[in-house]
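Asker: These are the residues of each chain, in order.
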Amino acid sequence: EDKVVQSPLSLVVHEGDTVTLNCSYEVTNFRSLLWYKQEKKAPTFLFMLTSSGIEKKSGRLSSILDKKELFSILNITATQTGDSAIYLCAVGNAGGTSYGKLTFGQGTILTVHP
Amino acid sequence: NAGVTQTPKFQVLKTGQSMTLQCAQDMNHNSMYWYRQDPGMGLRLIYYSASEGTTDKGEVPNGYNVSRLNKREFSLRLESAAPSQTSVYFCASSGGGAQETQYFGPGTRLLVL
Chain R
1 EDKVVQSPLS LVVHEGDTVT LNCSYEVTNF RSLLWYKQEK KAPTFLFMLT
51 SSGIEKKSGR LSSILDKKEL FSILNITATQ TGDSAIYLCA VGNAGGTSYG
101 KLTFGQGTIL TVHP
Chain V
115 NAGVTQTPKF QVLKTGQSMT LQCAQDMNHN SMYWYRQDPG MGLRLIYYSA
165 SEGTTDKGEV PNGYNVSRLN KREFSLRLES AAPSQTSVYF CASSGGGAQE
215 TQYFGPGTRL LVL
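Residue numbers (my numbering), protein chains in the order written: chain R, 1 to 114; chain V, 115 to 227.
No wet-lab data here; the hints were simulated from the structure.
Ideal Cβ positions, reconstructed from N, Cα and C, are used throughout, including at glycine.
Incorrect hints may appear among the rest.
Here are the in silico distance ranges between beta carbons for each label pair [claimed, not checked]:
| # | chain 1 | residue 1 | chain 2 | residue 2 | range |
| --- | --- | --- | --- | --- | --- |
| 1 | R | S84 | V | G130 | 35 to 41 angstroms |
| 2 | R | I64 | V | M155 | 22 to 28 angstroms |
| 3 | R | H14 | V | M133 | 39 to 45 angstroms |
Model the full structure from these sequences, guided by the hints.
Answerer: Following this line, the structure appears as structure tokens:
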């Protein structure tokens with residue numbers, strides 16, 4: 001059974017701080033790792049990392065994938081109150097009937113105070 | 115282009131009542147998914163449809179049924195609601211197969227009394 005574990009479960013910081021969110025996984029046939037941001041409603045897609053793309057960056061957000069150690073981190077620099085959200089990590093399985101499905105972690109609740 | 119839409123946004127049921135949650139996507143995606151989200155548990159897959167005409171169980175299918183009505187629509191039915199089914203339900207869609215980035219609807223908040 002595929003498993004995704006995120007840490008910490010919650011984090012409170014002040015504006016301007018840098019945060020690192022962690023995601024470790026166990027999956028039988030790894031295909032991809034995805035990060036989502038969830039504010040009040042639907043999760044929105046941030047990054048997808050695969051064997052051919054182990055580092056992604058968009059503005060103040062960046063993510064790396066370590067396929068050897070089976071984890072990923074999401075970094076947010078110079079945090080803003082608008083970064084307050086739940087950050088979800090998910091892994092995609094390339095095997096058999098699991099192809100195309102995602103397994104999600106519990107999420108990290110990030111709160112950024114002014 | 116609305117993406118993924120869900121109805122209703124909020125529903126209150128009594129134990130034993132039935133209801134159907136509706137989901138539609140206009141991105142011509144092959145695959146569609148139903149998740150539930152409970153505090154501290156992330157998103158758990160209930161059922162999915164890899165392509166039109168097929169459906170399969172996910173991690174937590176008990177108490178639910180689904181119908182892939184056509185390529186656009188995927189509904190989730192609770193035949194006899196229980197308080198344990200109080201949750202937020204999300205529908206998602208993706209291109210399918212190697213195109214696994216999933217796009218989510220706004221969610222349905224369900225309260226079973």
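Asker: If a hint holds in the structure, say so; if it does not, say that too.
Answerer: We went through each hint and held it up to the structure:
Evaluation of the 35 to 41 angstroms hint for S84/R and G130/V yields a pass: the beta carbon distance comes to about 39 angstroms. Look at I64/R against M155/V: about 26 angstroms separates their beta carbons, and that is inside 22 to 28 angstroms. Taken as a hint, the range 39 to 45 angstroms holds for the pair H14/R and M133/V, whose Cβ atoms sit roughly 44 angstroms apart.
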